[in-house]
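Novice: Sequence:
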Amino acid sequence: EHVLFGMIAQGLGVDARRVQYAAYGDPAQAAAAVLGGRVAAAIGPVREWAARLASGRARALAVSSAAPIEGIDAPSLLECGVRVDYADWCGLLGPAGMSAEERAAAVAVCDQLETSARWRRTCRTHAWVRHHLGGDGFAQWLGGETRRTRAALRDLGLLNRPDTIHANTISWGCCARRY
1 EHVLFGMIAQ
11 GLGVDARRVQ
21 YAAYGDPAQA
31 AAAVLGGRVA
41 AAIGPVREWA
51 ARLASGRARA
61 LAVSSAAPIE
71 GIDAPSLLEC
81 GVRVDYADWC
91 GLLGPAGMSA
101 EERAAAVAVC
111 DQLETSARWR
121 RTCRTHAWVR
131 HHLGGDGFAQ
141 WLGGETRRTR
151 AALRDLGLLN
161 RPDTIHANTI
171 SWGCCARRY
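Residue numbering for the sequence shown is 1 to 179, as defined by the numbering used here.
If you're looking for bench data, these hints aren't it; they were derived computationally from the structure.
Computed beta-carbon distance windows for the label pairs:
{"no.": "1", "residue 1": "A23", "residue 2": "E101", "range": "40 to 48 Å"}
{"no.": "2", "residue 1": "G56", "residue 2": "R154", "range": "33 to 41 Å"}
{"no.": "3", "residue 1": "Q140", "residue 2": "Q112", "range": "19 to 27 Å"}
{"no.": "4", "residue 1": "R83", "residue 2": "S55", "range": "28 to 36 Å"}
{"no.": "5", "residue 1": "V19", "residue 2": "L113", "range": "35 to 43 Å"}
{"no.": "6", "residue 1": "Q140", "residue 2": "G56", "range": "41 to 49 Å"}
{"no.": "7", "residue 1": "R38", "residue 2": "V109", "range": "46 to 54 Å"}
{"no.": "8", "residue 1": "D136", "residue 2": "I69", "range": "24 to 32 Å"}
{"no.": "9", "residue 1": "R57", "residue 2": "A127", "range": "14 to 22 Å"}
{"no.": "10", "residue 1": "R47", "residue 2": "P75", "range": "15 to 23 Å"}
{"no.": "11", "residue 1": "Y24", "residue 2": "A66", "range": "22 to 30 Å"}
Every residue gets a Cβ at the ideal spot worked out from N, C-alpha and C, and that includes glycine.
Turn these sequences into a full structure, and let the hints guide you.
Specialist: Encoded structure:
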């Protein structure tokens, strides 16, 4: 949530270090702070807020996905004029020492997984948006996402390291965006 907070500040052209941010250990604490009027708003995954949104106890102001989310009455940040598209994601990463053959086999397994009915059902069950990237496409996306995240952390004053990815990292797999 803190990274998304930083990205929203970047998207608005605001110095993120000048805006107050309160971290909570779990979504229930964040919800209590919002509902109790101790903070103006909270950032969190839809799955953690769904019951509060459905009951009317909380109202979604915006979603960080590129497009609105079915069942959530809120525009995307992009539709609000904030230049941010961000999603929690899961990926499969292999060790740096994998051979080209091992990497190709792992990518093939992920490609097969992506086309399986069981994977589609699992994604629907958990409200995951399927976003398959295999092999080099995933590695390229991961590099960009890493740079973007590090930039947000630097703007928040939380990271002072160079914007690099370890040269020996071999990435492969697929990811599912969890909006």
